[in-house]
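Listed below are the residues making up each chain.
Protein chains: 2
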Amino acid sequence: MNLLDAASRGKTTAAMKEVARDEGVAVARIAALMKRGRLVIPMNRLRRGRVRAVGIGDGLRTKVNANVGTSARASDRAFERKKVRAAIEAGADAVMDLSTGRDIDSTLAAVLDTSTVPVGTVPVYQAAIEAGDPTRMTARSILDAVRRHARMGVDFLTLHCGIRQAAVPLLRKRLVGVVSRGGAFLLKWMACHGADNPLYTHYDEVLDICREYDVTISLGDGLRPGCLADATDAAQISELKNLGRLAARALKRGVQTMIEGPGHVPIDQIERNVRLEKQYCHGAPFYVLGPIVTDVAPGYDHITSAIGGALAAWHGANFLCYVTRREHLGLPDIDDVREGVYAARIAAHAADVARGLKGARNWDDEMSRARVGLDWDRMFELALDPKTAGKLKGKTPARGEDTCSMCGKYCSMKIFRDL
Amino acid sequence: MNLLDAASRGKTTAAMKEVARDEGVAVARIAALMKRGRLVIPMNRLRRGRVRAVGIGDGLRTKVNANVGTSARASDRAFERKKVRAAIEAGADAVMDLSTGRDIDSTLAAVLDTSTVPVGTVPVYQAAIEAGDPTRMTARSILDAVRRHARMGVDFLTLHCGIRQAAVPLLRKRLVGVVSRGGAFLLKWMACHGADNPLYTHYDEVLDICREYDVTISLGDGLRPGCLADATDAAQISELKNLGRLAARALKRGVQTMIEGPGHVPIDQIERNVRLEKQYCHGAPFYVLGPIVTDVAPGYDHITSAIGGALAAWHGANFLCYVTRREHLGLPDIDDVREGVYAARIAAHAADVARGLKGARNWDDEMSRARVGLDWDRMFELALDPKTAGKLKGKTPARGEDTCSMCGKYCSMKIFRDL
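Protein sequences, first through last, are from chains A and B.
When we follow our numbering, the leftmost residue of the first sequence carries the number 1104, and every step to the right adds one.
When we follow our numbering, the leftmost residue of the second sequence carries the number 1104, and every step to the right adds one.
Don't read these hints as lab results, they were simulated from the structure.
Identical copies go unnamed one by one, so any copy, or any two together, can satisfy a pair.
With a straight-line Cα cutoff of 16 Å, these simulated EDC-like cross-link-like pairs (lysine to aspartate or glutamate) come out:
#1 K1494 - D1438
#2 K1494 - D1436
#3 K1512 - D1236
#4 K1276 - D1468
#5 K1355 - E1315
#6 K1517 - D1236
These numbers come from a predicted model, not from an experiment.
For reference, chain A alone in the conformation it holds in the complex (with noise of 0.2 Å):
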């Protein structure tokens, strides 16, 4: 029986109830929850019992995802290791491998083979690069790609469904036009075959192997804005509403589903485009890729996306993927990756104290306690990336010392705890 079969029947599985420990939320929630489809856990039939299981809707702790992955200029299936270790360490929920470099396989099965946590994929991209150009997939091909990551024990498959012809003219207008890789490549297809979108034509089929493996779809938003004066645009709705049916579609047929979402998205639009997702699609869970709130400053999106993501979060989006400080420039480092990691979960435990999630602002409450006693030891342990404290702190003055050191004698922590 897969996750959402269970839930809906009123039963609790293995999963379900280690979300409910992790998360402090009574099991019958859980799955009251996944039955109305608000809630999803990715886990392969195939990894049950060995990946974590991580909720991610309503209620829960906003979650992070970090991609790794190969490209054609840069395929080194160990470095693709280090990076999802380096991840988790950081405190990645989740890890999609993206990879389009040689030897997709092989990269994939290492990274579901290190990764502790749900892995992601998109498999159209495989299926284009096996192709040799987009144009030359199949329905067939995309399809077998899709079965294959399934059986591989991938957790959960971006899949851009909601691309529609009619979408097309809708594009006409952008300044950017499309961004994402694998609507990019169903949209040549189509241009090509003049031709409706496989992944939407055969939804049904889609359904069936996500169904057997118990894979969680995650629907893509091919046609998401690429910068801020695409946002929120006639194009991306429509296909918001596609993602809608097809949501409500898997939910009828036991596949988890959660919603993608942007991308490149002004502080202004953000909380409208949280509420038109959770609006049209039945409040599903909904993962945003940042989204980066300016375009201008290539080398600090960690920190473009951090503000986004706070927003979207704290406005109810359920799981943050990371942007890089090497978004728009190139694949990132093993450092890069922990970085954008501590960024993304900087926006996620941030939203979550701010909607008032029990216990979340806990953390906070500690840390400071830590610092008015000037417990230096506690305060590293409590840090979120305690390296990076340690590190930028230095050895002077000595951690057990009384006073702050920022402002040595003249620290007003300690002025006013004497007073």
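With chain A's structure known, arrange chain B on it following the hints.
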């Protein structure tokens, strides 16, 4: 005649014209806003023509301040000069010298000499340090420090005039107490002498000095919260109300003021903080420190503050004091300063775009046009920090190359353009 007097009489000065030109706003509008206390141009009479005219307030771009300064442990004038240069090169609109080390006067002279942007200080630091202990300050020594800084040419002075005895009992409920150094010095003095805050009781004299040198007062928030748990509490708000009254007195006396704000604020309280400031302080420019939105991330407070700063500025804060990644750990080095300024500038610009400031999004759109054209040279030209972007991009693939460096031949924008 000082700037505010001129504005009040409907006269426009060179500084107002410079701000008007820089911001693309009519000079009459600048003068009208100054007259109402809603816009300041911090520029000491002695520095006219020697420092950039920077407007802070309604309808203008959000500005960014970088703190520099020595401590008892690290006192090196040449290093402070370097920090000032790095901050200005990275785009800081103002710098504050918060030195508490040896030779405060000569460090300040070096900062004033180096800075092409307005310089701020906190004179009570010097008064306390020269007295050996805050309790040994006198009303006279504090006012002397104020006058000394004004006479040296400082453009804006942080003065914690709003701390009153009445607020002290409100601090008892706090988790962290007081984290403003100036605030702590004054509270210690008040407790020891059983007397009210000299900067409050001698406020008329303070105004006279500032009027004489045309110094802008930055009314300090000595009771700002030092952790999420203490945010927006009674002590903070009682001081804010005092600051509003003091701002009105300054306006009447022809002295420009802005209001300082927190600090540590959860995301959901940021809008309220800005609204309360605008309400209690008659729309005076709001100068916030961060705010940081979670306490758990020492080593990443440039990010926690970029989130808070973006939100604050979107809701109407006018001036962001950067927070570097070294906050809570030590004093920043050159790289920390540079990165801190960029992070704050991201927050400021993203907010300017979100509040629909005329022309703000042009920068983003230009970058997006360069991206869709795969015009790497132009992208680097436009980047917030071209050096960092260039370093991260590396040399391969060549900048002239016709694909995105993340996706190689699978570049979605290229595919879309080719359609």
